[in-house]
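Student: Residue-level listing of the chains:
There are 2 protein chains.
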Amino acid sequence: MNTEMKLRKLKEAAPMLADTSGDERNRALMAIAEAIYKNRERIFAANRADLENAEIDGVSAPVKGRLKFDDHKLEDVINGIKDLTGLPDPLFKVEMRRELDEDLVLVKETCPIGVIGVIFEARPDALVQISALCIKSGNCAVLKGGSEAALTNRTLFEVIEGAVLESGLPENILLQMEAREEISELLKYDEYVDLLIPRGSNAFVRYIMENSRIPVMGHSSGICHIYVDKDADVEKAIPIIVDAKTQYVSACNAAETVLIHRDILEKIVPPLGKALKEAGVELRASEVIRKLGEGEVMTEKDDSTEYLDYIISAREVEDIDEAIRHINHFGSHHTDAIITENSEAAARFMRLVDSAGVYQNCSTRFADGYRYGFGAEVGISTGKLHARGPVGLEGLISYKYKLFGAGQIVGDYASGRKSFNFKDLI
Amino acid sequence: MNTEMKLRKLKEAAPMLADTSGDERNRALMAIAEAIYKNRERIFAANRADLENAEIDGVSAPVKGRLKFDDHKLEDVINGIKDLTGLPDPLFKVEMRRELDEDLVLVKETCPIGVIGVIFEARPDALVQISALCIKSGNCAVLKGGSEAALTNRTLFEVIEGAVLESGLPENILLQMEAREEISELLKYDEYVDLLIPRGSNAFVRYIMENSRIPVMGHSSGICHIYVDKDADVEKAIPIIVDAKTQYVSACNAAETVLIHRDILEKIVPPLGKALKEAGVELRASEVIRKLGEGEVMTEKDDSTEYLDYIISAREVEDIDEAIRHINHFGSHHTDAIITENSEAAARFMRLVDSAGVYQNCSTRFADGYRYGFGAEVGISTGKLHARGPVGLEGLISYKYKLFGAGQIVGDYASGRKSFNFKDLI
Numbered sequence: 024m025n026t027e028m029k030l031r032k033l034k035e036a037a038p039m040l041a042d043t044s045g046d047e048r049n050r051a052l053m054a055i056a057e058a059i060y061k062n063r064e065r066i067f068a069a070n071r072a073d074l075e076n077a078e079i080d081g082v083s084a085p086v087k088g089r090l091k092f093d094d095h096k097l098e099d100v101i102n103g104i105k106d107l108t109g110l111p112d113p114l115f116k117v118e119m120r121r122e123l124d125e126d127l128v129l130v131k132e133t134c135p136i137g138v139i140g141v142i143f144e145a146r147p148d149a150l151v152q153i154s155a156l157c158i159k160s161g162n163c164a165v166l167k168g169g170s171e172a173a174l175t176n177r178t179l180f181e182v183i184e185g186a187v188l189e190s191g192l193p194e195n196i197l198l199q200m201e202a203r204e205e206i207s208e209l210l211k212y213d214e215y216v217d218l219l220i221p222r223g224s225n226a227f228v229r230y231i232m233e234n235s236r237i238p239v240m241g242h243s244s245g246i247c248h249i250y251v252d253k254d255a256d257v258e259k260a261i262p263i264i265v266d267a268k269t270q271y272v273s274a275c276n277a278a279e280t281v282l283i284h285r286d287i288l289e290k291i292v293p294p295l296g297k298a299l300k301e302a303g304v305e306l307r308a309s310e311v312i313r314k315l316g317e318g319e320v321m322t323e324k325d326d327s328t329e330y331l332d333y334i335i336s337a338r339e340v341e342d343i344d345e346a347i348r349h350i351n352h353f354g355s356h357h358t359d360a361i362i363t364e365n366s367e368a369a370a371r372f373m374r375l376v377d378s379a380g381v382y383q384n385c386s387t388r389f390a391d392g393y394r395y396g397f398g399a400e401v402g403i404s405t406g407k408l409h410a411r412g413p414v415g416l417e418g419l420i421s422y423k424y425k426l427f428g429a430g431q432i433v434g435d436y437a438s439g440r441k442s443f444n445f446k447d448l449i
Numbered sequence: 024m025n026t027e028m029k030l031r032k033l034k035e036a037a038p039m040l041a042d043t044s045g046d047e048r049n050r051a052l053m054a055i056a057e058a059i060y061k062n063r064e065r066i067f068a069a070n071r072a073d074l075e076n077a078e079i080d081g082v083s084a085p086v087k088g089r090l091k092f093d094d095h096k097l098e099d100v101i102n103g104i105k106d107l108t109g110l111p112d113p114l115f116k117v118e119m120r121r122e123l124d125e126d127l128v129l130v131k132e133t134c135p136i137g138v139i140g141v142i143f144e145a146r147p148d149a150l151v152q153i154s155a156l157c158i159k160s161g162n163c164a165v166l167k168g169g170s171e172a173a174l175t176n177r178t179l180f181e182v183i184e185g186a187v188l189e190s191g192l193p194e195n196i197l198l199q200m201e202a203r204e205e206i207s208e209l210l211k212y213d214e215y216v217d218l219l220i221p222r223g224s225n226a227f228v229r230y231i232m233e234n235s236r237i238p239v240m241g242h243s244s245g246i247c248h249i250y251v252d253k254d255a256d257v258e259k260a261i262p263i264i265v266d267a268k269t270q271y272v273s274a275c276n277a278a279e280t281v282l283i284h285r286d287i288l289e290k291i292v293p294p295l296g297k298a299l300k301e302a303g304v305e306l307r308a309s310e311v312i313r314k315l316g317e318g319e320v321m322t323e324k325d326d327s328t329e330y331l332d333y334i335i336s337a338r339e340v341e342d343i344d345e346a347i348r349h350i351n352h353f354g355s356h357h358t359d360a361i362i363t364e365n366s367e368a369a370a371r372f373m374r375l376v377d378s379a380g381v382y383q384n385c386s387t388r389f390a391d392g393y394r395y396g397f398g399a400e401v402g403i404s405t406g407k408l409h410a411r412g413p414v415g416l417e418g419l420i421s422y423k424y425k426l427f428g429a430g431q432i433v434g435d436y437a438s439g440r441k442s443f444n445f446k447d448l449i
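Chains as they are written, first to last, in the working numbering: chain A, 24 to 449; chain B, 24 to 449.
It cannot be assumed that every hint is accurate.
Unchecked claim - In silico DSSO-like links for lysine-lysine, alpha-carbon gap of 30 Å or less: (1) A:Lys441 to B:Lys297; (2) B:Lys105 to A:Lys446; (3) A:Lys259 to A:Lys297; (4) B:Lys441 to A:Lys300; (5) B:Lys91 to B:Lys61.
Bear in mind the hints are in silico, worked out from the structure with no lab data behind them. Quantities reported herein were computed from a predicted structural model and do not represent experimental measurements.
The shape of chain A in the complex, shown without the other chains:
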């Protein structure tokens, strides 16, 4: 079967999956958890083979860390699935019930999006998580994982697919893609795929956004800022900046630029320079800051660079409004923080900065579905349509309008023979 036929089958299965009850979908999730546990040795063996190939290919240590699927990861994914079964069913929620006129009732009800294509990094646990989230939300899923995890993913997919079928859910609700070339096929078929969620490097996400008519949820870059206001508490500012930069440098919510109000420069620059040095961070700073004895030369390019590394840039600003303008211009609308004890300044910053997350006195690294208490995360969106910021299950949900009538025609309302009589029933 070619890719088009496979995608078409998924699209045809989508309404059938959308029509299953929350209990049926939860039963499938429990079956997946059990099957993964039962087949763990087969999965571990496939993962060992992937790890050996990665060793031969000279893959970096962090990539190998994400690639590894061991007892610990097994427990995590199984617990994750069990947590999901405990969440309320996101489907069939009535968001509005309105009588338009006698015997003419409009109901707005949640439903799945349909077919979701997820392209993700070489992390086998991601395959399990994404499948589980899509099943919970009643969406068909096309899964393309990083090639380094090919053998583990193939085994996991077989196990998941088997469990789904045995649990009684419709056929053809999951599709695995293995070859990189299939991605360009996936991007073409906007009649079969409703949403793409690409995770990975900036260049990759941008490639997807530019080469498909299918809507994309996600973010291509994360240039997060910390603005140290004149009323900042330096004792708070320094650990926050160090955490936001170093707690996980390759994350999209790591800070890349510090903006400092000129009135507080002398107070914060020396201890900040020292703290960054101790944390192994290279500081690239404006001339004014370097005159205070800290930092290497920065260029304009640094203002718009996502380092994803132990490097941070810093420059002074005249006032909070310059900081806001800088962030709205150079930032990626992901997550930006102000450090201040002045609640008016914080409120102004948080209203005017046009980002998914606007923080006061805490690390940008909190921008994450788990830390927001969403239970599970699909990704982080910097778009302003549909879901924004860390996206939980609700990002996989749409709605439809059901209108129940008794023979009504519009001609009667247009001519004035009848008139609407709106009444919200819930």
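Since chain A is already given, all that's left is putting chain B on it; use the hints.
Tutor: Positioned in the frame of chain A, the structure of chain B alone reads:
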């Protein structure tokens, strides 16, 4: 100033507009309504000139009808603006307030999308409506209206812009584009424009979708179906089909195809054929239906044609599931109706048909923001992300996450020194 500079100014003004209160925005709306009334003679004069040009250019009667801006339209737009001021402010609504841990509070709050580009037909009242909706929702707007209304639009825009400035809202929140060539400029600047709402022909909307990275809200086509179930009440079916086809043939929610359960063919085809003939509608029908004495030959192309004219196609189906498959395959996911007295059949149809609107026993022409009681309509979306179906003010709204801390860093939670303690405060 070139287009890029103008768009950039809008983008910079967007946070300032987002920061205004509901009262300030309502005052601007009232000022617009007053200014339009005060300048009505100037506007009517410009409109008369547009109508004369249209006469010379041989523009069709329906287009001239939409182009006309008279006392009646004036009253409509002024009442529309006044209605808008009565709606609650869609901004600053707190949708979630969650304590993540002590002194670490996450707030999800609605905000505008930012800069919205609307490209609309030659209807001067549309310019007023769209400006008003954008101001109410705190969005900057780029307005490009149909060229036939150029003089009226220019006058209206001057009047509106003047009223907005006098009312004290920020500068540069509205931008008018007049030349068709500017559209391609608009499509290029995804860094300044957050959302496009194109209204117009299928080909035009598809062109916009294919030529911009900016998200698009709307629909390119409306192929709406009416399925007459075996348990249909023929007395209801016929007026509904006639209304759905003829009440306004060039609307996207007009019906294009009737699917008839084979068990009810003999009962419905003769009276339906007669009713359509009386309404001046050409029926193109499958062989089985033609054998019952009604209809012209239809081809496969008819299944996927949006006639926008007094033409309708009809074919028989084996059962409800064939109807559902047909609609999901050939339809445009806009609005589709079932005629049946069987509530189980209706429920199945409404669950499995993947359209923004799924109706029982009423005309597809009800798919409209005003008829849904939304007060005002931005457009109708056939996409499943963000807003779906008729879109009111809420389609112009996004949200942001505000996180209020007291120095928290993620390292403390990752190391286990601290742990999250999620508690919903509202």
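Student: When the hints from earlier in the document are held up against this structure, which numbers fail?
Tutor: The structure conflicts with no hint, since it agrees with every one listed earlier.
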